[in-house]
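A.B. asks: Take a look at the letters that make up each chain.
Number of protein chains: 2
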Amino acid sequence: MQSAPSKPYNAINFSQKFGLFTEQWQPKVVAELNDYQFKIARLEGDFVWHDHPETDEAFIVLDGELRIDFRDGSVTIKPGEMYVVPKGVEHKPYAEREVRLMMIEPRGVVNTGREGGARTAQNDVWV
Amino acid sequence: MQSAPSKPYNAINFSQKFGLFTEQWQPKVVAELNDYQFKIARLEGDFVWHDHPETDEAFIVLDGELRIDFRDGSVTIKPGEMYVVPKGVEHKPYAEREVRLMMIEPRGVVNTGREGGARTAQNDVWV
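Chains as they are written, first to last, in the numbering used here: chain G, -19 to 107; chain U, -19 to 107.
Worth double-checking, as some hints may not be accurate.
To be verified - Using 20 Å as the maximum straight-line C-alpha spacing, the simulated EDC-like pairs for lysine to aspartate or glutamate come out as follows:
no.	chain 1	residue 1	chain 2	residue 2
1	G	K(-3)	U	E61
2	G	K58	G	E78
3	U	K(-13)	G	D52
4	U	K(-3)	G	E61
5	G	K72	G	D43
6	U	K72	U	D26
7	G	K58	G	D26
8	G	K67	U	D31
9	G	K(-13)	U	D49
10	U	K(-13)	G	D49
11	U	K(-3)	U	E24
12	U	K58	G	E61
13	U	K58	G	E12
14	G	K(-13)	U	D31
15	G	K58	G	E45
16	G	K72	G	E45
17	U	K(-13)	G	E70
18	G	K58	U	E61
19	G	K58	G	D43
20	G	K(-13)	U	D52
21	G	K58	U	D43
22	G	K(-3)	G	E12
23	U	K67	G	E12
What the hints assert, rightly or not - Some but not every residue of chain G turned toward chain U, in silico, with C-beta under 7 Å:
no.	residue
24	S(-14)
25	I(-8)
26	G60
27	Y63
28	P66
29	V69
The hints are simulated quantities; they were obtained by calculation from the structure and are not laboratory data.
Virtual Cβ for every residue (Gly too), placed ideally from N, Cα, C.
Construct the complete structure from the given sequences, taking the supplied hints into account.
C.D. replies: What follows is the structure, given as structure tokens:
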């Protein structure tokens, strides 16, 4: 008689994943949920103003502090906190020191939205 | 001349939200992303075997330890870790001591999936 099967399933560990890259502003996919992706990124300094006309965008801060500027104010997000930027709302992420965070959004969303330009990262890169 | 407007935007703080309820196995919505919901919950002990035939289901552990049993194995998820249970896969959450976690799934997903029964929580309750 065989013992119960015990197939190894592994959780996704954020610290382990961050240990695999150092570049900033280059989101890396760590998981998918239906047609949505969980992406981790290191951000530092200023980004470009942009919006995503088709989708909301969720930010969960894991380490450090992220400020998201809006045209009429800003929000500061710390570890253990999240924020959802509504679709079509112009925003500009900023971090005085490097912040580690996770973004959740549909597969195919580009980091610079419809703004594009030099800061556009390669999309759908897994780590 | 007026100074720049500074509308107050507030991040969602998980600890603050957990301070607002103590009941277990009753997921509470803290944010929406398009038609998806972020729900936090306190779990302890054993749940029922169930699956969600229509959707994957993401678990992010915030405090404590969650085990998810599958018919052929299990995964243990600790703080700073996540796991996505694929749609249609039978699973049973278990926590030896209370675990605080976040689930991400489409609006309308019921905690017991197509299994139903006494452990079915009220859906779409915000905190």
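A.B. asks: Determine for every hint whether it applies to the structure shown.
C.D. replies: Do the hints match the structure? See the list:
With a C-alpha separation of about 10 Å, the suggested pairing of K(-3) (chain G) with E61 (chain U) holds against the 20 Å cut-off. About 12 Å separates the Cα atoms of K58 (chain G) and E78 (chain G), which keeps this hinted pair within 20 Å; it holds. A C-alpha spacing of about 6 Å is found between K(-13) (chain U) and D52 (chain G), which places the hinted pair at or below 20 Å, so the restraint holds. Under the criterion of a C-alpha separation no larger than 20 Å, the hint pairing K(-3) (chain U) with E61 (chain G) is consistent with the structure, at around 10 Å.
This hinted pair checks out: K72 (chain G) and D43 (chain G) have alpha carbons roughly 19 Å apart, not beyond 20 Å. Restraint check: the Cα-Cα separation between K72 (chain U) and D26 (chain U) comes to about 7 Å, which is no more than 20 Å; the hinted pair holds. Using a Cα cut-off of 20 Å, the hinted pair K58 (chain G) and D26 (chain G) holds, with the two alpha carbons roughly 17 Å apart. For the given pair, K67 (chain G) sits about 31 Å from D31 (chain U) by alpha-carbon distance, which is inconsistent with the 20 Å threshold.
Only pairs whose Cα atoms come within 20 Å are accepted, and K(-13) (chain G) paired with D49 (chain U) is accepted, the gap being roughly 10 Å. The suggested pairing of K(-13) (chain U) with D49 (chain G) holds, with an alpha-carbon distance near 10 Å, which does not exceed 20 Å. A distance of roughly 18 Å separates the Cα atoms of K(-3) (chain U) and E24 (chain U); the hinted pair therefore holds under the 20 Å criterion. This hinted pair checks out: K58 (chain U) and E61 (chain G) have alpha carbons roughly 18 Å apart, not beyond 20 Å.
A distance of roughly 19 Å separates the Cα atoms of K58 (chain U) and E12 (chain G); the hinted pair therefore holds under the 20 Å criterion. Simply put, K(-13) (chain G) and D31 (chain U) have alpha-carbon atoms about 18 Å apart, close enough for the 20 Å limit, and the pair holds. Distance check on the hinted pair: K58 (chain G) and E45 (chain G) sit about 5 Å apart at the alpha-carbon level, within 20 Å; holds. Distance restraint check for K72 (chain G) and E45 (chain G): the Cα-Cα separation of roughly 14 Å lies within the 20 Å cut-off, and the hinted pair is therefore satisfied.
Between the alpha carbons of K(-13) (chain U) and E70 (chain G) the distance comes to roughly 14 Å, so the proposed pair stays at or under 20 Å and holds. Our distance criterion of 20 Å between C-alpha atoms is met by K58 (chain G) and E61 (chain U), whose separation comes to about 18 Å. For the hint pairing K58 (chain G) with D43 (chain G), the CA-to-CA distance comes to about 7 Å; that is within 20 Å, so the pair holds. A C-alpha spacing of about 6 Å is found between K(-13) (chain G) and D52 (chain U), which places the hinted pair at or below 20 Å, so the restraint holds.
Between K58 (chain G) and D43 (chain U) the alpha-carbon distance is near 16 Å, which keeps this suggested pair within the 20 Å criterion. Our distance criterion of 20 Å between C-alpha atoms is met by K(-3) (chain G) and E12 (chain G), whose separation comes to about 15 Å. Proximity of K67 (chain U) to E12 (chain G) is assessed by CA-CA distance (about 12 Å); at most 20 Å being required, the pair is judged to hold. The restraint placing S(-14) (chain G) at the interface with chain U holds, with a minimum CB-CB distance near 5 Å, inside the 7 Å limit.
A distance limit of 7 Å between C-beta atoms decides the matter here; for I(-8) (chain G) the minimum to chain U is near 5 Å, and the interface restraint holds. Hint status for G60 (chain G): holds, given a least beta-carbon distance of 5 Å to chain U, under 7 Å. Because the beta carbon of Y63 (chain G) sits about 5 Å from the nearest beta carbon in chain U, less than 7 Å, this interface hint is met. A distance limit of 7 Å between C-beta atoms decides the matter here; for P66 (chain G) the minimum to chain U is near 10 Å, and the interface restraint is violated.
Violation of the interface hint for V69 (chain G) is found here, the shortest Cβ-Cβ separation to chain U being roughly 10 Å, above the 7 Å cut-off.
The earlier numbered hints that this structure contradicts are 8, 28 and 29.
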